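With these hints in hand, go ahead and build the complete structure from the sequences.
For the sequence shown, this note's numbering gives the first residue as 1, with consecutive numbering after it.
Since the hints were made in silico from the structure, they are not lab data. For clarity, every value in this text was computed on a predicted model and none was experimentally measured. Ideal Cβ placement from N, Cα and C applies to all residues, glycine included. One or more of the hints may lead you astray.
As a list, the in silico PhoX-like pairs of lysine-lysine whose alpha-carbon atoms are at most 20 Å apart [said to hold, decoys possible]:
| no. | residue 1 | residue 2 |
| --- | --- | --- |
| 1 | Lys176 | Lys156 |
| 2 | Lys206 | Lys159 |
| 3 | Lys142 | Lys206 |
| 4 | Lys156 | Lys180 |
| 5 | Lys159 | Lys142 |
| 6 | Lys206 | Lys180 |
| 7 | Lys194 | Lys180 |
Label pairs and their computed distance ranges (CB to CB) [to be verified]:
| no. | residue 1 | residue 2 | range |
| --- | --- | --- | --- |
| 8 | His116 | Arg174 | 38 to 44 Å |
| 9 | Gly191 | Arg167 | 21 to 27 Å |
| 10 | Thr196 | Lys157 | 23 to 29 Å |
| 11 | Val214 | Asp149 | 18 to 24 Å |
| 12 | Arg167 | Arg90 | 33 to 39 Å |
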Amino acid sequence: MSEENQHPPLGDTSTSKALRIGASVAGAVPFVGASIQTVLTEIIPNVRADRVESYIRHLQDQIDELKLKLALEKPEGLDLFEEGLWQSARAFTEERKKYIGELVISGLNCEEAEQHRVRHNLRILNQIGDDEILILSSYQSKYQAISSDDAKAFRKKHKSVLGPFSRALGSADRSKAAHKDALLAHLASFGLLKVTEEDFETSRVKHALTSQGVALLRYIGIAED
Numbered sequence: 001m002s003e004e005n006q007h008p009p010l011g012d013t014s015t016s017k018a019l020r021i022g023a024s025v026a027g028a029v030p031f032v033g034a035s036i037q038t039v040l041t042e043i044i045p046n047v048r049a050d051r052v053e054s055y056i057r058h059l060q061d062q063i064d065e066l067k068l069k070l071a072l073e074k075p076e077g078l079d080l081f082e083e084g085l086w087q088s089a090r091a092f093t094e095e096r097k098k099y100i101g102e103l104v105i106s107g108l109n110c111e112e113a114e115q116h117r118v119r120h121n122l123r124i125l126n127q128i129g130d131d132e133i134l135i136l137s138s139y140q141s142k143y144q145a146i147s148s149d150d151a152k153a154f155r156k157k158h159k160s161v162l163g164p165f166s167r168a169l170g171s172a173d174r175s176k177a178a179h180k181d182a183l184l185a186h187l188a189s190f191g192l193l194k195v196t197e198e199d200f201e202t203s204r205v206k207h208a209l210t211s212q213g214v215a216l217l218r219y220i221g222i223a224e225d
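See the structure below:
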């Protein structure tokens with residue numbers, strides 16, 4: 001595993017790092033505010049700035065510098081921000097970085113009790129892929145209405161992920177159907193979906209969003225109004 005994909009060595013605590021945030025000054029990364037510059041220097045010196053630029057810009061657009069500085073001076077806020085940095089550095093798409101940013105913003109803007117829930121959702125997000133987020137989102141009511149233009153456009157755009165896929169013997173789509181079933185089971189294992197109906201003869205299973213699934217979609221900014 002390369003250095004930039006590893007967390008830094010243990011030893012320094014979130015508390016001791018947070019105490020140093022107050023003395024931050026802008027450094028060599030032009031788009032970064034003073035508080036974030038110190039975090040970059042303290043926490044991820046081996047990660048290229050361009051790998052986390054969109055994540056940082058999104059946070060700075062949503063939270064003013066003073067509020068961000070105050071949040072990062074607390075161990076809980078710094079820990080949440082740090083986890084977001086590492087996930088963003090490993091993210092392949094701008095959309096994924098935005099999801100991470102939205103989650104971290106939620107955590108930095110809320111009370112401590114809510115921060116624990118945000119951190120839990122951040123850990124879940126780290127364990128599910130972009131295709132699974134699409135599948136989860138497809139269970140929102142606006143995409144379940146078959147006659148809806150929005151639903152039709154969404155399903156057409158993401159047909160390669162959402163299907164429908166034939167499960168008939170000899171069908172070229174059978175492996176795709178099995179793959180989607182595995183993704184659905186994975187989402188259900190995190191409590192994001194629940195089984196509402198199961199046909200043992202056809203092996204078809206119907207799912208619905210859980211409150212945890214709705215919460216995750218809300219935290220990453222794609223929940224329906």
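Here is how each hint holds up against the structure:
Between the alpha carbons of Lys176 and Lys156 the distance comes to roughly 16 Å, so the proposed pair stays at or under 20 Å and holds. Using a Cα cut-off of 20 Å, the hinted pair Lys206 and Lys159 holds, with the two alpha carbons roughly 18 Å apart. Only pairs whose Cα atoms come within 20 Å are accepted, and Lys142 paired with Lys206 is accepted, the gap being roughly 17 Å. Note on Lys156 and Lys180: the hinted pairing holds, with a Cα-Cα distance of about 16 Å set against a maximum of 20 Å.
Between Lys159 and Lys142 the alpha-carbon distance is near 17 Å, which keeps this suggested pair within the 20 Å criterion. For the suggested pair Lys206 and Lys180, the alpha carbons sit about 12 Å apart, so the restraint of at most 20 Å is met. Of the pairs offered as hints, the one joining Lys194 and Lys180 holds, with about 15 Å between alpha carbons and a cut-off of 20 Å not exceeded. Between His116 and Arg174 the C-beta distance comes to about 42 Å, which sits within the given range of 38 to 44 Å.
Checked against the hint of 21 to 27 Å, the pair Gly191 and Arg167 passes, with Cβ atoms roughly 26 Å apart. The hinted range of 23 to 29 Å is satisfied by Thr196 and Lys157, whose Cβ atoms lie roughly 25 Å apart. At about 23 Å, the beta-carbon gap between Val214 and Asp149 stays in the expected band of 18 to 24 Å. Between Arg167 and Arg90, the C-beta spacing of about 34 Å keeps the proposed range 33 to 39 Å intact.
Checked against the numbered hints above, the structure violates none of them.
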